[in-house]
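Heads up: the sequence lines are chains L and C, in that order.
First residue of the first sequence: 1, per full-length UniProt numbering; consecutive thereafter.
First residue of the second sequence: 1, per full-length UniProt numbering; consecutive thereafter.
FYI, nobody ran anything at the bench for these hints, they're computed from the structure.
Note that beta-carbon positions come from the ideal geometry of N, C-alpha and C, so glycine has one too.
Treat the hints with caution; some may be incorrect.
[Claimed, not checked] Here are the computed distance ranges between Cβ atoms for each label pair:
hint, chain 1, residue 1, chain 2, residue 2, range
1, C, Leu19, L, Gly391, 53 to 63 angstroms
2, L, Ala274, C, Ala96, 54 to 64 angstroms
3, C, Ala96, L, Ala112, 28 to 38 angstroms
4, C, Ala96, L, Gly528, 51 to 61 angstroms
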Amino acid sequence: MAEMLLEIRNLRIEATSYPPGEPPRDVVLVDDVSVSVAKGRVLGLIGESGAGKSTIGLSSMAYGRGGVRLTGGTITLNGRDIRLVDARALRALRGREVTYVAQSAAAAFNPAIQLMDQVIETCLLHKVMGRAEAEARAVMLFGKLGLPNPESFGKRYPHQVSGGQLQRAMTAMALCPKPDLVIFDEPTTALDVTTQIEVLAAIKEAIHDTGVAALYITHDLAVVAQVADDILVLRHGKRVEYGATEQIITAPGEPYTQALVSVRSIEHVEKTDAPAVLQIQNVTARYQGTKFDVLKNITLDLPAGQTLAVVGESGSGKSTLARVITGLLPPGQGRIRFAGRELAPALAARTRDDLREVQMIYQMADTAMNPRQTVGTIIGRPLEFYFGLKGEAKRKRIQELLDQIEMGKGFIDRYPAELSGGQKQRVCIARALAAKPKLIICDEVTSALDPLVADGILKLLLALQAAEGVAYLFITHDLATVRAIADRIAVMYRGEVRRYGAKTDVLAPPFDDYTALLLSSVPEMKMGWLEGVLEGRRMAAAGN
Amino acid sequence: MRIPISALVGLFFTGAFFLAAIFAPLIAPYGMAEIVGGVWDPASSTHWLGTDAIGRDLLSRMIYGGQTTIFVASAATVLSFTLGSVLGFSAAVAGAWVDQGLSRMVDLVMAIPALILALVILSVLPVTLTVLILVMGLLDATRVFRLARAVAVDITVMDYVEAARLRGEGWAWIIFREILPNALSPLVAELGLRFIFAVLFISTLSFLGLGVQPPLADWGGIVKENSSGLVYGIPAALIPAFAIAALAISVNLVADWVLSRTTSLKGGRG
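Build the full structure now, drawing on both the sequences and the hints.
The structure is reproduced here in C-alpha cells:
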C-alpha cells in the first residue's frame, strides 16, 4: 500500500438555501463521504450536476464556494487535518501542495496578462523557485503538454491561443509549483471531441511523468475511465460506489452505476426512404459585414418523419445552418424547399404556416423560456397563436401535451425556475410540439444535460417521432447521440458537408480523414481506449 | 407575505404625502391664497408652521404646494416612463435604422443640459401645468429611453425572444409580454429615482420663476417666496426642503421593496 496523500473521512458539507418567501434552511451537499488518494494516483469523481463532485474537490484544499460550510469529518492532507489549520497555513497550502484546474480556461485566465506570467505566478508567490527556474519549468511543461513552440508560447495572450491550448496552459499552471495534488474540475467538458482527446492525452501523460496525484472531476464516465485509477460515483452528495476503475467499468455493483455505464445504448434502426420534407439546395451564407462564407454550397435532404443529424465541432457552421432554415439568416445563394414549396429566404416574408411547421428546440432550455411566464403560458401561446384555442380547450390541450412529455398535472402553473434541467427541456419540446410542426430543429438539445437525463430526452424524442411523424434536424457534436437517434447523417467541417448519407453508410468505412478523426475521438467506455487510439494514430502517421 | 419594516415606513410616509395631496382642500386649515396673519409669524397653535412672507398660513401652503408638486412630478414621470420605455424597447427590438434614428435623436437632446433646455422652452411657451408636464416628461424620457434600450438589448438576444420571433409574434407581444416583465426590475428602481428627480426639477423651475406660477403654491415656489427670510433667521424656506427629502427617502424605500419582490422568478409578484 502506497503512502496516503489525501484522506477524507466522513466528510459532511452544508450550505444555507434561501428559497423566496420561505424561511432559510440548511441543505446537506455532501453526506458522509470517505475517500483516499495515494501519492501518484488518480481518483475520478463522477456524478450528475448537483452530486457534490466539485464541492468535494474544493474541500480538499479546505475551500468552500460562497456560503458552503464544512461541518463534519476530517480532511487529512500530508498527515495533517487541514480543517483544523489556520488561515495562514491554508494560504501556504493552496497553490503549493494542492492546485486547481477549472472547467472554463477562457474565464479563468486574465485576458490582459501574458500566459507565462500567469503560469508561473503561483511559483513566485509561494517562493517555490526563482523566475528563471520557474520559466524553464513552464517551458518544459508546455513541451510535455504538446503545446506548439514551447519557448515562445508563454509570450502569447489568452485570446491568441485556442480553447484546447488554453486548457493545457492551465494544466501547466497547476503543475508548475510541483504540487502533491491537482484537482481537475471538468477540464475537457467544454472542448470539442477532437480537442478533448488531445488534452486528455496531454493531462494523462503529464500526471504520469510528474508523479503528481490528482482528483479528476467529470460527469463523463468514459472520459474518467481513461485517466483514473479509482472511481468514486456520487449522487445527491452521497457515495454510490467506490472502487478500482476496472471494477466500476466492467462489473458495476450498484444500479445507478450500471445505468451510467450502459448510458447511450439506445438502439435505433434507420428508417427506409421517404419523400423529402426539407431540401436544402446549394445554400451559401455569410454574416452581415463579413467576407467569410460560414456555409459553403450545402445540399441536404431530410425525408419526412425522419432524423437528419448534422455533426461537427464548434465553428463548423451547423448552428448557422439552423439559422438559415428558420429564416433568421437569409442565405446568400441557394434555395430551401419545405413540404413541396419554396421557403422565403427571410423570416418576415414567410407565411404563418411556414413558421408553424418549422419549430426549434434550443440547447439551453434556461434561456429558451421566458422566466416570467408559467409553463401553461409557454406551451399555451402557440396553441392560441396558431390555432386560436382559448380557455378550457386550451387548458385541455396543454394538459395533453404535458402528458405526452411525461410530466404530470401540477406543472401547468409553475415557473421555469421551479423545474429541473430535464423538465425544462421537456417543456421546450412540448412548446415545439404544440404548433403541430412537420420539422423540429434540435440545436444541441442534450449537450447541457446529464447523461441519464439526456437519455430520457432522446427516448422521448424518438417516441414523439413515432407518434406524430415529425422530422428532426438534429444538430450535435456528440456522435453517441447521433448513433442513438439519426436516420441520416451529415458531417460538417468548416462550413462544408464532408460526408452525407444514411447512418449506416456514413458510419461505415472507408472514411475520409475528418470523419475518421471525429469517430475515433469519441471516448469509449473501456480502459486503455485512449492509448489504443493514440497508438493507432501514431502507426498511421508513421505509415504515411 | 411579510413586509419589511423599512418598506412599511416608506409606505406610511408615501401614503401620507399622496393622501395629503389628494385631499388637500379637506385637510388644509386655511385657503391657499388666504392672508390670515402677519408677515412670518412664528409657529403657534393656530398656525402650526407659522405664516409666510405675506401672511398666508404656511401649513396650508405646504399641503396645497405638495398637491401641485406631486401631481406634476407624477404626471411627468408616468409620461417619461411610458414614452421612454416603449421607444427604448422598440429601438432594441427593431434594431438597424430605427435604433440608430431614435438613439441619435436622444443623444442630441441629452447633449444639451436638461435645465437650460427647459428654461429656454418655457421662456417661449406659456407656462401652464400641461406645458410643464409635457416638457419635463419629454426631457426625462430620454434618460428612461437609454436605460430601457440598454436593458432590452440584453433581453432581445435571449433564445425565448428568438423563439417568439420564429413563432411570428408581432412587436406588441414581444415588447409587452417577453421583454417588459423581464425589464421591470431595473425600471422600477429607476422609477423611484426618476420621480424624485422630477420633484427636484419642478421645484428648481419654480424657484427660478419658470415653473408653477403664483398664486398657485408649490414647494419650490414656497422656498423662493420665503428665501429672503433666511437672513433674519426665519426657517420657513427650509420646510419645503425637508418635505422633499422625506418624500425622496420614503418613495425609494417603497421602490426597493417592490424591486426585491419583482426580482423573484418563482411567481413572487403574486
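Would you pick out the hints that fail for this structure and give their numbers low to high? 1, 2
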